[in-house]
Amino acid sequence: MPALAPLPAVDDTEAVRAWVASELGHLSLEGADGVRPGGHRGGQTAADAALASLDVTAYARARSTVLPEGRRGATRLSPYICHGLLDLPTVWDAVADAPSSDRRRYRDELLWQEYARHLYARLGPALAEPLRNEPPAAAEGPSWDERMACTTWVQDELETDGWLVNQTRMWWSSHWTVRHGRDWREGEDYFFQHLLDGSRAANRLGWQWTVGTGSGKPYGFSRWQVEKRAPQLCRSCALRDDCPIQEWPETSTGPRVEDSPVRTGWSRGASGPGPEHVVTDGDPSAVWLTAESLGDADPALAAHPGLPVVFVFDEPGLRALPLSGKRLVFVTECLADLAARRDVEVRLGDVPAELAGTPLAVTFAPVPIFARRSEALSLAAVHPWPWLERPGSQRLTSYSAWRKGVPR
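Per my numbering, the sequence shown starts with residue -10, numbered consecutively.
These are calculated hints, taken from the structure and not from any lab test. There is no bait here: all hints are sound.
Pairwise CB distance ranges (calculated): (1) E129 x R174: 18 to 28 Å; (2) P57 x D270: 49 to 59 Å; (3) P88 x G23: 36 to 46 Å; (4) S132 x D272: 53 to 63 Å; (5) D22 x T141: 20 to 30 Å; (6) V267 x R384: 23 to 33 Å; (7) W255 x A85: 26 to 36 Å; (8) H15 x A329: 23 to 33 Å; (9) T141 x S241: 20 to 30 Å; (10) S132 x P297: 49 to 59 Å; (11) D270 x A85: 33 to 43 Å; (12) D22 x R174: 22 to 32 Å; (13) T2 x P220: 31 to 41 Å.
C-beta atoms are modelled at their ideal positions from N, C-alpha and C, and glycine is treated no differently.
Could you put the whole structure together from the sequences, leaning on the hints where they help?
See below:
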């Protein structure tokens, strides 16, 4: 398939939106007419500005605050981390001078992200299966009262901005599965479609931890959390005097999973950790960027400053699970920002078919689809993924067990 139209200027948001609507809108979740930007601007320039303003003072106390937004402690860096504009080692170092309690708490969150990536590198598609327990048996049916201010507000923020604080992600996933018994994987797909930091690794682990399939017990969502973290939602709710989540949901941990994938070694289709050093097999003629690594510091990009860059929007994947237009706008902004400094070609189609026969330099991505695509491509140089802590013999049965094997 021919390359798409030239990328617009990254600082022209309307031009970027129009480009996505024209070139990718037919594959977006909302359709071409519904393409809109989310709450983050994409690109290395935006990521660098966000990192430069990073201040985690009071993070330990305020990270779970939901409303008012001005009191939130969450840093909102996750979309830039998810897409490789900021790698975890860089963000780790950026908070070295923060107050000790806030530094420890924030770095613990970075390690949680790394743990999710370790799990996904080892389990691959098996991360979609219960890790420790079967899903809990819910006492209520699959529907809920649409008049609830808290869940309506969370849904609106997700679908409009494409970003949620961790607290409200837990509210939604608990309400979805623990209280109402909906399949957590369908809920995770919904998050993945809308979140600008949508990552199968972090998304699936977060859902599994919340609903109890990957932790010791399910997280119960009730009015108490809303009153504590966003009391104005309860005050404005039409159901404030007849709250359907007044009490914790009646549920219990599901049966233990036998032969859990976290105890049975490497799973079929998993990517593994990738090479420790650059693996070369010829001279590349282009740098292939993946959605996991779109930043200027991408190792393959940095190692080959004179080569053109190619990115392929995965048409079969977008047809199978359409992404929100705001996710496509964010990625396009990343590419448009890079195009101000490098020769960038953007295509739409089947990735192996689009890149067949081209000797490529690429940075390894610890996701199953990278491993599958690599088998069909001519990779002249594969650069290591910038791990915060390279996967090794760490136990993955739980975050705490894994953490004991990490020297940081």
